[in-house]
Each structure stands twice: as C-alpha cells, then as structure tokens.
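Below are the chains, spelled out letter by letter.
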Amino acid sequence: MSILQIKDLIHQYITYGEKEEENQTVNAVNGVDMSVERGEFIAILGHNGSGKSSLAKHINGLLQPTSGSVYLKSMDTRDHEKLLKIRQSAGIVFQNPDNQIVGSVVEEDVAFGPENIGVPTKDIWSRVAGALEGVGMTAYRSASPNHLSGGQKQRVAIAGIMAMEPECIILDEPTAMLDPRGRQDVLSLAGELNREKEITIILITHDMEEVLLADRVFVMDQGKVVMSGKPKEVFAHVEELKGYGLEVPFAAELAYELKKEGIRLSDAVTTREELVEELCQLV
Amino acid sequence: MIKDITIGQYYRSDSILHRLDPRVKLAGTLIFVITLFFSKSSLTYAASLLFLALMIGLSTVPLSFIVRGLKAVGVILLFSVVINIFFIPGEAIVHFGVIRITKEGVVTAVYLGTRLVMLVLGTSLMTFTTTPNELTDGLEKSLGFLKLIKIPVHEIAMMMSIALRFIPILTEELDKIMKAQTARGVDFKNGSFLHRMKSMVPIVVPLFVAAVRRANDLALAMESRCYHGGEGRTKMKPLKYCRRDLLAYLFLALFLALMIYLGFFCPIGR
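As they're listed, the protein sequences go chains L and V. Quick note, the first sequence lines up with residues 1 to 283 if you use full-length UniProt numbering. Quick note, the second sequence lines up with residues 1 to 270 if you use full-length UniProt numbering.
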C-alpha cells in the first residue's frame with residue numbers, strides 16, 4: 001500500500017503589492033498528483049520557485065491544501081487531530097542546518113522530537129543513543145552544535161527526525177549549504193537509511209547529480225509535475241530538462257551531445273564511469 | 001573578536017554547588033537577596049557575609065574570577081556610595097565650604113556599599129555554578145505554579161533557552177555584517193557619538209531581518225518535530241531532587257531563621 005497519496009493538490013498564496021489591486025494570487029503548487037510506495041527513494045527535482053519546497057511542507061501538514069488532498073499513511077493532513085501522528089511519521093530535514101537545531105547540546109537536540117510526543121524519559125535515552133549511532137555522531141553527543149561542521153549538523157538534524165521513529169523522511173534541499181564532503185555524507189546517509197531501515201526517503205533538490213540515487217524522479221516546474229520516471233529515463237531528455245532551468249550532469253550532457261553527432265551510445269549513460277565504459281567499448 | 005562574548009558566565013567545575021539542583025540555588029539566591037535587603041543591623045550583615053564567604057569557598061570558583069564581575073557595576077557602586085556620603089544630613093565630621101560629610105552619611109554609605117557588593121557577588125555566584133540550560137529548566141519548574149494564573153511559563157523558558165542557543169549564531173552574523181559594511185566604507189570607529197550611532201543602522205537592520213528569517217525557519221522545524229507547547233511533553237533530563245538538595249534546603253531554612261532572629265528579635269547589634 002502506498003505511504004503517501006497526493007491528489008490534485010493546489011496551494012495558493014497571495015503576494016501583496018503596494019496597492020490592493022496589485023495583490024496577486026499565485027499557485028505555488030498547481031494540481032499535483034503523486035503516489036509514493038513504502039520504502040521507495042523518491043527525488044523531486046525543480047529549480048527555484050518551482051513549488052517543490054511548498055509540496056514538501058504539505059506532506060507533513062506544515063501547509064494546508066487550498067484544494068485537493070494529501071494522505072500520509074491514509075491520514076488526511078487536513079485533520080488537525082492527526083497532525084502530530086502525521087508529523088511523527090514523516091519528518092522534514094530543512095536546508096539551513098543552523099536554523100533547525102533547537103537544543104544547545106547535540107543529545108538534547110535529538111531528544112527534542114521524542115520529548116514533544118511524550119516518550120518516557122528512559123526510552124528517550126535509548127532512542128537518542130540509537131539515532132546518534134545510526135548517523136555516526138555518537139562521539140559528539142555532548143558537544144555544542146555550534147562547534148560542528150555543516151554536514152555534521154545536518155546529520156544531527158536527521159538523527160533528531162530518526163529519534164521519532166518515522167516511516168518517511170523528507171529532505172528539503174539538505175545539501176544546498178554544505179561543502180562537497182558534507183553533501184556526500186548526507187546523501188550516502190539518506191541512501192543507507194533507505195536500504196537498511198527501509199525508510200521512505202523523499203529528496204527535494206535542484207541538483208541532478210543527487211537524483212541518481214533515487215528509484216523515481218519527479219520534475220516540477222511552475223507548481224506542476226512535468227516529468228516523472230526512473231532517473232535514467234528522465235535524464236535522456238536533456239533538452240527538455242534544460243528548458244525547465246535544470247543543469248544536466250556533465251556526463252549525461254556529453255553523452256547527449258555525442259549521440260547528436262552520431263556516435264552510438266546507449267540511452268542509459270548518466271555517470272562519468274558509465275560514459276567511460278561505453279566510450280572504451282566503442283574504441 | 002565578537003565571538004568571544006559569553007552570556008551567563010559559567011565556570012566549569014565539579015563542586016557541590018555545581019551539582020546542586022538549580023531550584024535549590026534559585027531559592028538560595030532569592031533568600032540571600034531578600035534578607036540582604038531587610039538587613040539593618042551589623043550582625044545580619046556579618047551573617048550574610050559569612051554565608052557568602054562559605055558559598056564562595058564551596059563553589060571552588062577562584063575569587064579573582066568572581067570579583068571581576070564587580071567591574072561591570074563599578075560605576076553605579078561608586079556613584080551611590082559617593083552620593084550617600086555627601087548628601088545625607090546629620091552630624092558633620094568634615095566641613096569644607098559647600099562640602100559636608102556627616103557621620104550618618106559615612107555609615108549609610110558603608111552599609112550600602114557592602115550590600116551592593118554582596119548582592120552582585122551572590123547573584124553572579126549563581127550564574128558561575130549553573131549552566132544556562134539548568135537555569136531555564138530550574139526557572140520553568142519552580143515557577144510552574146504561575147501557570148495557574150495563565151502565565152505561559154513553559155513558553156517563556158523555551159524562549160530563553162532558544163535565545164541562549166542563538167546568541168553565538170547571531171554574534172557571528174553580526175560580525176559578518178560588520179565586515180561586509182566596513183568593506184563598503186561604513187566607518188564605525190570615528191566621528192561624533194551621533195555619527196557612530198547612525199552608522200549602526202546598516203548593521204542593525206540586516207541583523208533584524210536575518211533574525212526574523214531564522215525565527216521563521218526554526219518555527220517550521222520545531223512544528224515539524226511535533227512541538228505543540230508544554231502540554232504532554234516529557235523530558236530527557238528531568239530535574240530530580242536528591243539527598244544533598246534536601247540537606248541544602250535545610251541549611252537554607254536555618255540561615256533564614258538565623259537572619260530573622262538576628263534582624264527582628266536579637267537585642268544586640270542594632
């Protein structure tokens with residue numbers, strides 16, 4: 001059974017101008033249908049302002065639909081009684097690592113979620129220990145978050161979500177403010193949680209390199225899902241992706257240009273290694 | 001440079017005072033301050049001084065470190081002492097033109113001076129031995145009864161601890177903004193007072209904007225982690241009294257009783 005069902009979701013907000021007649025209504029999310037299966041790794045791709053972050057906030061009820069509906073584990077996000085349960089099942093890791101850490105000690109921050117849902121003290125300790133172990137931050141448990149690197153802070157943020165024992169984690173551009181190493185850390189951790197703990201991952205990003213990990217990709221533009229499918233299928237449409245303001249990975253673009261010049265390569269080339277392999281076979 | 005600012009100066013050590021429950025320390029500070037204000041006789045002053053000396057001894061915080069706290073209030077201290085010496089009427093001991101120093105004035109000034117010094121030392125001893133987190137926890141727990149009259153105690157404590165968490169982040173931000181504005185030619189160091197105040201505007205405005213933006217992000221993150229106020233919330237590190245806390249309360253009660261006896265019923269020392 002699918003863990004997340006989004007039906008014809010519309011999110012509308014108003015931008016206020018100087019005068020009243022300059023006020024505009026904008027559909028940030030404009031009729032999205034989506035269904036995600038348990039244990040899947042999903043990527044939502046889009047450039048700035050494509051509505052992907054608004055969509056993420058709808059998944060655990062931070063935003064309420066203007067029309068349409070979002071069901072997480074068959075719970076309606078419009079049902080206020082169920083909001084806590086929904087947020088416990090689907091946590092969000094945000095972009096800025098500093099702005100989502102509440103505690104002034106790492107372990108206290110990880111405990112914040114479980115404290116909120118009323119987990120008994122004894123169980124909080126074991127959950128915190130488990131979550132920190134899972135993200136490889138046990139050594140820093142009594143450190144101050146201010147002394148950690150960006151990648152480490154994001155791992156603490158993920159541990160804070162993990163401690164609530166969720167079934168789904170939404171990563172809203174988690175690597176946008178990180179250095180390459182921190183980025184690799186966070187992404188491989190997401191993959192690991194997906195494979196080993198069978199947690200559904202929804203990765204929101206504008207970086208196509210990150211999408212390669214995913215089982216399925218949705219491309220968003222102007223509040224609509226414009227393309228979807230396996231990463232390799234989506235990456236084959238280089239021109240179309242560029243039209244949506246996305247940067248295609250270098251290997252995929254090179255393969256595309258080579259094919260245009262008449263060199264016979266398979267459609268599935270997306271990474272550097274694959275490209276090298278294919279080219280070597282041609283020689 | 002600006003990163004070095006610390007608030008609620010905590011002195012890391014492992015003394016009995018450090019290990020006491022913050023609620024005991026809050027109660028102790030409160031009793032100390034209140035009795036100090038009602039103090040009228042030299043005996044009560046002596047008792048307060050003895051109590052303070054004992055606590056400083058127990059805290060293992062070096063005296064030089066504690067006395068440094070007086071610097072900040074030095075001016076106020078000096079001002080109030082001087083005013084008292086010169087302006088209290090009574091029996092003159094020095095008479096020189098318009099300047100008159102009276103015996104009563106000197107006595108009051110000495111009392112006032114010691115009172116203020118003890119006040120500052122006593123309260124700063126509390127922040128030296130208690131981490132800001134313990135302090136907010138202790139405040140939340142001991143002021144819990146205020147919830148009955150609809151004061152949002154948990155929310156206030158939460159705001160305090162978040163403010164403490166964001167102080168280093170915002171100081172870093174301030175540092176960055178100052179450097180960016182200096183690079184654009186804003187001069188913070190020279191010019192008249194008014195001019196320097198004006199040059200603060202391009203710092204304060206972006207700092208506020210950034211702070212509001214951060215607050216919005218943090219609110220979303222907290223909400224998405226199921227935060228819904230203090231109701232039904234459990235604690236990872238709940239405050240629990242142990243034997244030494246009860247003993248400390250007992251000691252405080254004895255101190256209070258002694259002060260009341262010395263202040264109101266003891267015939268000598270008035």
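Note that these hints are calculated values from the structure, not bench results. A few of these clues could be false.
[Said to hold, decoys possible] Only pairs whose alpha carbons sit at most 30 angstroms apart, straight line, appear in this in silico DSBU-like list of lysine-lysine:
hint, chain 1, residue 1, chain 2, residue 2
1, V, Lys235, V, Lys141
2, L, Lys122, V, Lys179
3, L, Lys82, V, Lys147
[Unchecked claim] Computed footprint of chain L on chain V, listed as stretches where at least three residues anywhere in the stretch have a Cβ under 8 angstroms from a Cβ of chain L:
hint, stretch
4, 160-168
5, 176-189
6, 231-239
Where is the CB? At the ideal position from N, CA and C, for every residue including glycine.
### Message
Can you tell me if the stretch 176-189 of chain V counts as covered by chain L, using C-beta to C-beta distances under 8 angstroms and a minimum of three residues?
### Response
violated (count 0)
### Query
Given the hinted pair Lys235 of chain V and Lys141 of chain V, is their alpha-carbon gap at most 30 angstroms?
holds (12 angstroms)
### Task
Mind checking the alpha carbons of Lys122 of chain L and Lys179 of chain V for me, to see if they're no more than 30 angstroms apart?
The hint is violated at about 47 angstroms.
### Query
Are at least 3 residues of the stretch 160-168 of chain V within less than 8 angstroms of chain L when you compare beta carbons?
This one holds; 5 residues, not fewer than the three required, reach chain L with a Cβ under 8 angstroms.
### Message
At least three residues with a C-beta closer than 8 angstroms to a C-beta of chain L: is that true for the stretch 231-239 of chain V?
### Response
Held - the stretch 231-239 of chain V has 7 residues with a Cβ nearer than 8 angstroms to chain L, which meets the minimum of three.
### Message
Between the alpha carbons of Lys82 of chain L and Lys147 of chain V, is the straight-line distance 30 angstroms or under?
### Response
holds (27 angstroms)
Figure legend: structure checked against the earlier numbered hints; hints not met, in rising order: 2, 5.
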